[in-house]
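Visitor: Make the full structure from the sequences, and use the hints.
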Amino acid sequence: MQRFMEQVIYKVLRAEPEDHYFLLTEPPLNTPENREYTAEIMFETFNVPGLYIAVQAVLALAAPWSTCPKEERVLTGTVVDSGDGVTHVIPVVDGYVVGSCIKHIPIAGRDITTFIQYLLRERETNIPPEMSMEVAKQIKERYSYVCPDLAKEFAKYDSQPDKWIRPHVVPKTAKYPEFSVDVGYERFLGPEIFFQPEFVNPDFTTSLSDVIEEVIQNSPIDARRGLYGVGLPSQM
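Count along the sequence shown from 1, add 151, and you get the number used in the working numbering.
Check before you lean on any hint, since a few could be wrong.
[Claimed, not checked] Straight line, CA to CA, 27 angstroms or less: simulated DSSO-like cross-link-like pairs of lysine-lysine:
(1) K288 <-> K307
(2) K254 <-> K221
(3) K288 <-> K254
(4) K303 <-> K288
(5) K314 <-> K288
(6) K323 <-> K307
The set of hints was computed from the structure by calculation and includes no laboratory data.
Guide: This is how it looks when you write it as structure tokens:
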């Protein structure tokens, strides 16, 4: 931890820690021991004048404050925090995380990338095998979206392919020339695994929407209206 913070503060930020207050984030259900260890390093090793460690979900709710009217600023809501390997659904009430109600699912960004890679391979595209994962990641980040109706989305692409299919250009490398890949169904089938997880994990069949419903219903009854009313994703 200490060597990592040295790299961040001195090499990346190029700052003198004694002259700055620090805001750090922590994942949900982080242990008090981890928090105390981080604070010990920041205060005793780097002599920072002030430190605040915030849960990522609370900061996600506060992020829109700079662009919304004061009366609309709330710290109650449901946050879906999806990383590379796991997705958490976190209820936040008046700025406090309801830790006992947090749920997680074993579906996240890496699974979307792998599923898109599989779809491209099944379609027999001209992607070199060693580049397939990186190309799938680029497609996920640039073109993917969530559709409300899977059947209608298939029909839309089938009836107007020229309108909806996107060409993705992969720049040339030292080993391969530039090539192009048509991106079609992959655009919406990738994120669909959140709602039909059996596509990638036959042992887990609970959709993200069902998990969100369960989290809110397990939360204090007087907070449920606010949890249903405000929801947003954290970064994948």
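Visitor: If a hint holds in the structure, say so; if it doesn't, say that too.
Guide: Against the structure, the hints:
1. Taken as a hint, the K288 and K307 pair is honoured in the structure, with Cα atoms around 24 angstroms apart against an allowance of 27 angstroms.
2. Of the pairs offered as hints, the one joining K254 and K221 is violated, with about 31 angstroms between alpha carbons and a cut-off of 27 angstroms exceeded.
3. At most 27 angstroms may separate the alpha-carbon atoms for a hinted pair to count; K288 and K254 meet this at roughly 26 angstroms.
4. Of the pairs offered as hints, the one joining K303 and K288 holds, with about 25 angstroms between alpha carbons and a cut-off of 27 angstroms not exceeded.
5. Restraint check for K314 and K288: the C-alpha separation of about 23 angstroms stays at or below 27 angstroms, so the hint holds.
6. The straight-line distance between the Cα atoms of K323 and K307 is roughly 32 angstroms, outside the 27 angstroms bound, and the hint therefore fails.
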